[in-house]
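J.: Sequence:
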Amino acid sequence: MTQTDKLAALFADMRQSEPYLPDDGFTARVMARLPKPRELPDWQKNGILLVFTALGSAIAAWTLPVDAIVGFSLANLLTLPVIGATGVAMFLLSGVIVWKTATDDI
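If you read the sequence shown in my numbering, its first letter stands for residue 4, the second for the next number, and so on.
Hints listed in this document are in silico derivations from the structure and should not be mistaken for laboratory results.
Backbone N, C-alpha and C define an ideal beta-carbon position, used for all residues, glycine too.
Hints are supplied without guarantee of correctness; some may be wrong.
[Said to hold, decoys possible] Pair ranges (Cβ atoms, derived): (1) L77 <-> G98: 26 to 34 Å; (2) G50 <-> F29: 35 to 43 Å; (3) T104 <-> A35: 58 to 66 Å; (4) F14 <-> W65: 48 to 56 Å; (5) I72 <-> A15: 54 to 62 Å; (6) D16 <-> N49: 27 to 35 Å; (7) I51 <-> S97: 47 to 55 Å; (8) P38 <-> F75: 50 to 58 Å; (9) T66 <-> R36: 33 to 41 Å; (10) N49 <-> V101: 53 to 61 Å.
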């Protein structure tokens with residue numbers, strides 16, 4: 004017996020072991036009287052997301068040693084192997100783009 008079969012058997016046993024309690028439509032009446040959930044417009048959802056993203060970024064920038072990281076990164080990015088590897092990657096990528104546009108109808 005597989006895991007899903009065991010789970011299905013467990014759910015079937017639970018459905019059979021619990022008797023149905025008639026509520027004479029009580030649940031439906033309560034659900035009908037509940038207020039509809041308030042839906043925020045998309046611009047408000049995006050605004051909230053933007054505010055908390057900016058807040059998290061500000062906290063991260065305030066707590067992390069950003070100046071040391073940027074200085075270290077710039078010093079390492081301006082070395083000859085990194086510049087050469089970037090040039091090779093750009094050359095290969097442009098070759099792939101030219102080949103793709105020549106062989107496919109875009």
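J.: Are the hints correct? Go through all of them and say.
T.: Each hint, compared with the structure:
{"no.": "1", "hint": "L77 <-> G98: 26 to 34 Å", "in the structure": "holds, 29 Å"}
{"no.": "2", "hint": "G50 <-> F29: 35 to 43 Å", "in the structure": "holds, 40 Å"}
{"no.": "3", "hint": "T104 <-> A35: 58 to 66 Å", "in the structure": "holds, 59 Å"}
{"no.": "4", "hint": "F14 <-> W65: 48 to 56 Å", "in the structure": "holds, 50 Å"}
{"no.": "5", "hint": "I72 <-> A15: 54 to 62 Å", "in the structure": "holds, 58 Å"}
{"no.": "6", "hint": "D16 <-> N49: 27 to 35 Å", "in the structure": "violated, 46 Å"}
{"no.": "7", "hint": "I51 <-> S97: 47 to 55 Å", "in the structure": "violated, 41 Å"}
{"no.": "8", "hint": "P38 <-> F75: 50 to 58 Å", "in the structure": "holds, 55 Å"}
{"no.": "9", "hint": "T66 <-> R36: 33 to 41 Å", "in the structure": "violated, 48 Å"}
{"no.": "10", "hint": "N49 <-> V101: 53 to 61 Å", "in the structure": "violated, 37 Å"}
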